[in-house]
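So the chains spell out like this:
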Amino acid sequence: MSSIKIELRQEDVNKIREICTSFKNDPQELINVLHKCQEHFGYLPAEVQEVISNELVVPVAKVYGVVTFYSFFTMTPKGKHPISICMGTACYVRGAEKVLEEFKKELGLQVGQTSADGKFSLSSLRCVGACGLAPVVMVGDKTYGRVAPDDVRNIIKEYE
Amino acid sequence: MPREKMQIIVCGGTSCNGNNGEAVIDNIRLELEANALENDIRVVRSGCFGLCTMGPIVKIMPGDTIYTKVTPDDAHEIVSEHIMKGRKVERLLYKDPEGKKPLTTEKELTSHKKQIRIALRNCGIINPENIEDAIAHKGYEALATVLTELKPQDVIRIIKDSGLRGRGGGGFPTGLKWEIAYKNKSDEKYVVCNADEGDPGAFMDRSVLEGDPHAVLEAMIICGYAIEAHNGLIYIRAEYPLAVARLKSAIQQARDYGLLGKDILGTGFDFDIDIRYGAGAFVCGEETALIHSMEGLRGEPTVKPPFPAESGFRGKPTNVNNVETFACISPIILKGAAWFAGIGTEKSKGTKVFALAGKINNVGLIEVPMGITLREVIFEIGGGIRKGKKFKAAQTGGPSGGCLTEKHLDLPIDFDNLTAAGSMMGSGGLIVMDEDDCMVSVAKFFLDFTVEESCGKCSPCRIGNKRLHELLEHITKGKGTLADLDRLKNMSLVIKDTSLCGLGQSSPNPVLSTLTNFRDEYEAHVTLKKCPAGKCKDLMEYFIISANCVGCTACARVCPVGAITGERKEPHLINPSICIKCGACMEKCKFDAIIIQ
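Protein chains in written order, with my numbering: chain A, 1 to 160; chain B, 161 to 757.
Since the hints were derived computationally from the structure, they do not count as laboratory data.
Treat the hints with care, as some may be off.
As the list claims (entries may be wrong) - Listed next, with one range per pair, are the computed distances between beta-carbon atoms:
1) B/His-236 - A/Tyr-159: 28 to 38 Å
2) B/His-297 - A/Gly-118: 43 to 53 Å
3) A/Ile-6 - B/Val-463: 37 to 47 Å
4) B/Asp-233 - A/Lys-98: 28 to 38 Å
5) A/Glu-11 - B/Val-463: 37 to 47 Å
6) A/Tyr-159 - B/Ile-738: 32 to 42 Å
7) B/Thr-462 - A/His-40: 30 to 40 Å
8) B/His-297 - A/Asp-26: 30 to 40 Å
9) A/Ser-22 - B/Val-721: 51 to 61 Å
10) A/Tyr-159 - B/Pro-401: 17 to 27 Å
11) A/His-40 - B/Arg-415: 25 to 35 Å
Positions of the beta carbon are idealized from the N, C-alpha and C atoms, including for glycine.
Isolated chain B, as found in the complex (with noise of 0.2 Å):
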């Protein structure tokens, strides 16, 4: 093989960076300096392969090997082995769980195989700092047809056709939206990218805007054309540096290309793109607090009507887009409306991205076809539960999603079976929780959020929130009763009818879906104040079985309260009223003598 053509793509996604990713690359390209190959060999900073967990990544093309938890020191083997002689570095190749062999290639890794990747096509594959890597993975295509063949009814009219589904969270259809604001005339309209990724455990946007930023550019003059907009704005997270970044270099090379400006590609079409910034506040995801806040107000949202789509950012029709649905067009445009609609379900059609995180083996980012079930993405691509624990539940939509449980693993996945079974699609945060979670504590994490995130506008989410917070806050202590069970469905129903907002309106989702779901173990909480899970500090009670206890006395001596008794050689004691329940003896004893009850 011509060795110019070699390439090695080093996974530059958060999570890589953070573990040391950057060492990695720089190692590697000294290595190949002092092995003078630097101009034969392409080394690419790529974005996000999915495989976070076994991050750092090195990928080396072609053959496609996968290389997983990469250190810099292995820098010097990859380079001497595989790239100067040709033999693969066994020790590093990613190990199957299950089988327990070296897999050499990407598309050989179980999490692989049940994925369709159209949003994240391009993502550790192409270098997202270089356009001309783009346009070789037929970046701008699509915009290229759609601006030389294509009327913006047509354009309208195959989105539509498509069956694409807004992937921000409601699932509005993306065409009808186009063409509400296509029907809106105005001398000035607005297309805006909605990057405001802010639901914790969810990072699908910062990918696909850190692997290829340019589908989104381009989906973007895609969408100014078809809705006769000539001014875009990306509102994104100040929090993400790496993903502003890239994003401002992809800005500037699409106008160096006349991809981007006046007269894009010579058809007379003029159409820019300007960055704003978020400053941290979850409900600036809401349409209208995101283009308050780009107005430079507090990120407050207002009743609707008037929708955005008649008079949005500085009072013109706006369109607002998610980052995912914006990188669904170009393919769609390409390979037409009825592939899309291909695949997927009735009613949602397409792929979604996922965050696949929590108590999984698999840690990472997969797209998967609608439709796909529960017990697929956990078992098959997400490699089952940590540690060998079962399975309790998995949380999607985020803060204001619910959970699903066992019962719920073979439903297929989309829009509106979600949405049935209690929770929904959200944004593609999937959390996932084993036997050791208290979904009681669950359902308070998500309020906290919430509590903390409400903008205050309207009370029923500032004080029934609060209120409900402090009802679960109760119950975790132990002095809940049977009648705050009641009083948590009634206030959470009242404040889901009569919010403002989606936050408001979806934030009790946590505590409806975890009641129905887990009514025993709120029960338990409440008549026997016990924690089936053993998380609530307040409930539990640490107990030593003598049978067990050899009275070695180091459970005795790491306490730091003093709380341990007993003779040395006897069974210890442990007194719950001094006890401060910071488990230092649990894991300490080495005979397992002590248990939470």
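The shape of chain A in the complex, shown without the other chains (with noise of 0.2 Å):
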């Protein structure tokens, strides 16, 4: 399912079952426990989603299918920055192909790599909503408006 291989401790075992049972172990909460698992967790490696699987008694299969199927869901942890680029038609239109061609020269990283420090992670995603600051970039919680490719470097530097 995935290279990454990890051992869970107890705790992070006990962490899942109180999770699942916060939803009472209904199949049909299984998107509500994986959000609350990746919240915790900040991915969704496979050991975690067979505990899940056990708990909802749903097979791991199915687990795997939904965590697959949405993009919200990951199974590589993101970096300590996780960088965002919004590509959404009004960010697209006004260049942020060239900021996120620019960011992927700058950290080395394909979209959906984390580097290897673990610092950087870079993803694309679909429209934050904050449109009237296009081309936008987010780097955790915070927003970056109207960025430039000439931007990218600084911005980079302010997480170094």
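Please dock the two separately framed chains into a single complex, following the hints provided.
Put into structure tokens, the structure is as follows:
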């Protein structure tokens, strides 16, 4: 399923169980459970999905099917500073593609990758709804508006 | 004017928030505290004003003074000048792009003159985190009327008579939808609000939820009463944290006020609302996919019938409406079906909210009567094209829609006219493009989106769109042929005819409409191997006009691959076989000597 193998600590397993119980172990609440688990772990490794599958009594293939269906869920850990470039139409026509290229070049990362030191990860997202500021880049919770390719280096510098 | 009535309203919409809006609010509060005014003056964090390019926006009431592009540092001047001395801060007032004279009030804005605000009636006016504010602005008044004076059939008749059609894209008559759900008898029924706004470049629903969440809650309860349901669910994108937070607080407050839960307003009617989260899948905007997603499954659509009104969430009759549709309900009940039906065109009644974005001066949220022309929207409300460029096309309906061109500028915008013009109303994204946009690339951009968002269940959509995308990729790389254009068209028509759900049935629209309206541009790509807009990298060549070149060597020094040669004070040359088309030389040249061919 994924290349990352992790060992879950007992307290992690307990946390997942606690989340599942809070939704009454109802399989219909799978997406809500996944949201909460991703909030906690930062991502959804196969091992976490296995515990959820046991708790909700849903085949693990089904859990995996749901995780991979929705773009919000990820099976690879995000960087400490996740960088997302909005590729909504408004940002696209105002040059978001060039900004994304610049980030790829500066960080040496492709979309969906995390840097080796775990500091940055790069992703594109669809419309944050701040079209007045297009093109928009988000680093963590911070929004940068009207970003030009020339600004990219300075944005990265803020987090180095 | 009595001081205690003064209000400072700061836009708390996402665009303004992302532009330091939060710091503006914080600083205003600090300034008020420093002057011991915090108890006399109310600071309200409202929803979107719709003036997103000019944000962050601050409005002072009474007087309706609008300040634009306010920075956290401006808080001091606003408080010390306007609030304490009653003198307007001239430099922060909105300046009309034409008149250049500062405008004082919101009503004076040209962009607001053509607008009628029904769904957005309270956005930018009330504090969305305070139910009393909503109640003071007629919130829940329609609910009281419905519960005490009307029968379910009466409510359905009013909505039918109003001519309201679904604002999420399809335009299905809302009253009829309610009637079908009403007629399907069951012990359990559901009212679902579709707030999974996935259309890139559209932010209407989020603005309504952020600015006036009670409008949606109230309408859902009314719908519940009309179709005899007692459970409501809001399906919202997890990517909208602010909207989620405001909805949650609104639901809690409504429960505290006896407007939600058991025995609403003492009438014996029970209704409660719960939130379900989406997780980023465009296809979940489709009713059946949305319902599957709410059941914890992959959001794949299923064949209709059965329609959700017969068998929806948990197999029970379910009525799904979009946020904006719900936001229109209360005014219709209060002002009557005839009032609503009096606005708009023959078959499209009322207003429509558009998220105006792209190459336009006034990016923002607008609500206009149906039947308004594209020209009025773009050139009057939108303030025209940025940097004085030439209008080329406007995309409505997002990845499912098509483009409208110059010849459509005077077409009255309504559901049927847009469909006839090869586009669609969609949820209301309106992206404006100028002469610098390549329509083949735009079509490819939307296909990019559809390919990624196709759920993969039916093969026409899964495989067909991928093939369409490949063809477009070929064309933008200069490898296309004239026969490819026919292939594009044929394949598009097959995908439209044979796909299972709305996503596949509409995904070729951007291709078909650009192919119809900009065939010459496609032909230039395949026969001349040129991109007229100069967007397709593989088809362009940088060229130095020797007459303009003074030989300053700036371009040669900035070129990362050493493709530019020439003696000092002599015209330079670009070697196209080395050039990587990064454009650095063109940016550097002060003499306009470098052009794209």
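We went through each hint and held it up to the structure:
A hinted range of 28 to 38 Å holds for the C-beta pair B/His-236 and A/Tyr-159, which are about 30 Å apart. One distance hint, 43 to 53 Å for the beta-carbon pair B/His-297 and A/Gly-118, holds here, with the actual separation near 49 Å. The given range of 37 to 47 Å is respected by A/Ile-6 and B/Val-463, whose C-beta atoms sit roughly 41 Å from each other. Our hint of 28 to 38 Å for B/Asp-233 and A/Lys-98 holds, since their Cβ atoms are close to 31 Å apart.
Separated by about 46 Å at the C-beta atoms, A/Glu-11 and B/Val-463 satisfy the suggested range of 37 to 47 Å. Remark: the range hint 32 to 42 Å for A/Tyr-159 to B/Ile-738 is upheld by a beta-carbon distance near 35 Å. Between B/Thr-462 and A/His-40 the CB atoms are about 33 Å apart, so this pair conforms to the stated range of 30 to 40 Å. In this structure the hint that B/His-297 and A/Asp-26 lie 30 to 40 Å apart at CB holds, the actual value being about 38 Å.
Between A/Ser-22 and B/Val-721, the C-beta spacing of about 58 Å keeps the proposed range 51 to 61 Å intact. A hinted range of 17 to 27 Å holds for the C-beta pair A/Tyr-159 and B/Pro-401, which are about 21 Å apart. A/His-40 and B/Arg-415 have their C-beta atoms about 28 Å apart, which keeps the hinted 25 to 35 Å range intact.
Checked against the numbered hints given earlier, the structure satisfies every one of them.
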